[in-house]
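K.L.:
Here are the chains, one letter per residue:
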Amino acid sequence: MRARGGILGRNMMAALSISWFYGYTQLRRNIFWSFHYALSPLAFFFFIYIYGGRLGAPYAIAGGLVMITLAASVSMETEAAFNRIVLKLQEVYVASPISPTAYVLGLAMANGLSAIPGMALMLSIAGLLADLTPRFFLAVFSSLPLIWLTFSSFGFLLSTLARDVKDLWTWTPIITGLLSVLPPVFYPLELLPGNLRWIAYAIPSATASRLIQESLGVVDLGGEAALLWIALATHTGVALTILLKKVRWRLP
Amino acid sequence: MADTAISALNLWKRYPGGVLALDNVSLDVPRGCIFSLLGRNGAGKTTFIKIASTQLMPSGGDLRVLGFDVVSEAQEIRKRIALTPQEGRPALLNTPYEHVFHYLLARGLSIFEASARTLKTLKELDMMEYAHRTCSQLSGGLRQRTLAAMALATDADLLFLDEPTLGLDVLTRMKVWEVIRRAAAENGQTVFLTTHYMEEAETLSDRVGIIEGGRLVKVGHVSDVKEALGEKMCVEISGYDLDVEMLRGVGQVLVLGRSVRVLADKKRCDELLEWAVRAGKPSIFRPASLEDAFIALVGRGVEDEG
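Protein sequence lines correspond, in order, to chains A and B.
Counting from 1, one number per residue, gives the positions in the first sequence under the numbering used here.
Counting from 1, one number per residue, gives the positions in the second sequence under the numbering used here.
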């Protein structure tokens, strides 16, 4: 009973199975896991909406969607480290036909599943407070998967460096905070001094947020949009390349 | 297809910290056999398994698994092996069924095959009653069996089981042995296991290896290893006031807490037993076991290790 199907099909099946195991089945038994990703974005939304009203809502919506995706993908570091160091189940996957790509993708999809309830909540709020156009959905469903891939790759690489899960407990909130609160994720890039505007291209969460802000009609990007999409795709490409080249599937 | 499942030649491993974990290990494990690698904690058993199961790079030497080189052909090896890790733990929010079924699916089996194999293995391991309970509700033994089931349910040519029965009660251990035996006898799978239970190695294995300080000190059939003692019988005497020096004159002496084992030929053992009975010392007379051979070769019992 050897594995059948092409390499791509086998990898997809393996990734789906791993994501079902670590994502759906566990989420079903502890739904609170999924809502904790939405707590900080909802708190930000609350304050921005109180002080900014309907004018601030699009920034809070864009920032919230990005922050949920970011938190769910960076948390890959603790998930993967827990699986490797505490459960030792990663050893079971290494000593098997399952590829590192399928394993990482499976864990990333599992974490992605946990983000869905929070995303749904944020999209419902968006539906109440903003005019949602096909352009909005295109921006959301194109940019967020790209930052999900970027930060999941980053999270997995980080997990391979950990000696103990405790090493990483503090990293997820720090990284999520640094990449979603400081850069222009919940506010317009124009508030930053001119010499810091490059941040929109350098930090994927800021790039994605700016694209979603534009799709909500609060900023006008013109030709800049194409450059932002290229930057976002480049970040993802670089992250995946580093992951595939540097993943420590077998220890030295 | 190579006749040997595992063939190591002068294999060595030095960890980045400088510890020499394996020192010129050479051994052959024939296909279809059950091989047990015995050794004290830190002797190098798990390092060997990690290298052979392509989790860890060797520092030097040659190791071929199922005919493939562990360094350059790891992918080919991974298609044909499965592993139960040492001190692994199942995911507490998942059930034993989910562990085995999803692992088999991820390995490339169809949903139907994965489900059938999962149910068959869980049934063989007496786990059907617990198949759909989350592991958080299961005892330590059932959790350990869940991990063993993941490897035993596969059709892998070679199973690496790193202390698969650790913490299991004797009846459950026997159940796992039965499934391991069946894997080798009926499916032709090779089983490479490490264990601290000498009776497990003696009962289960076709061949055993004893490793100490990274060096393989003995390898062969269980009887070969026992014959390494050169003696066949053992008298075990209990008591606090035993004259060990006197006993050393009888044969090879192994001091184990408040009891002493003396390995000698049958005639001398008979004489020693007579003396022990006359002196009112509780004593047992029996053939030398694998544990006796292990203690003699390694110097002390694995139980002495913390």
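Please keep in mind that the hints were generated in silico from the structure rather than gathered at the bench.
Among the hints, a few may not be true.
[To be verified] Cβ-Cβ distance ranges computed for the label pairs, FRET-style: (1) A:I7 / B:D224: 40 to 50 Å; (2) B:D3 / A:K245: 35 to 45 Å; (3) B:L92 / A:I242: 46 to 56 Å.
[Said to hold, decoys possible] Interface residues of chain A toward chain B, partial, derived using beta-carbon atoms under 7 Å: (4) G9; (5) N11; (6) A14; (7) I85; (8) K88; (9) T101.
All figures in this text were calculated on a predicted structure; none of them were measured in a lab.
Every residue, glycine too, gets a C-beta built ideally from N, C-alpha and C.
K.L.:
Taking the hints in turn, state whether each one holds.
P.N.:
Hints, verified against the model:
no.	hint	result
1	A:I7 / B:D224: 40 to 50 Å	holds, 45 Å
2	B:D3 / A:K245: 35 to 45 Å	holds, 37 Å
3	B:L92 / A:I242: 46 to 56 Å	violated, 32 Å
4	G9	violated, 9 Å
5	N11	violated, 10 Å
6	A14	holds, 4 Å
7	I85	violated, 11 Å
8	K88	holds, 4 Å
9	T101	violated, 12 Å
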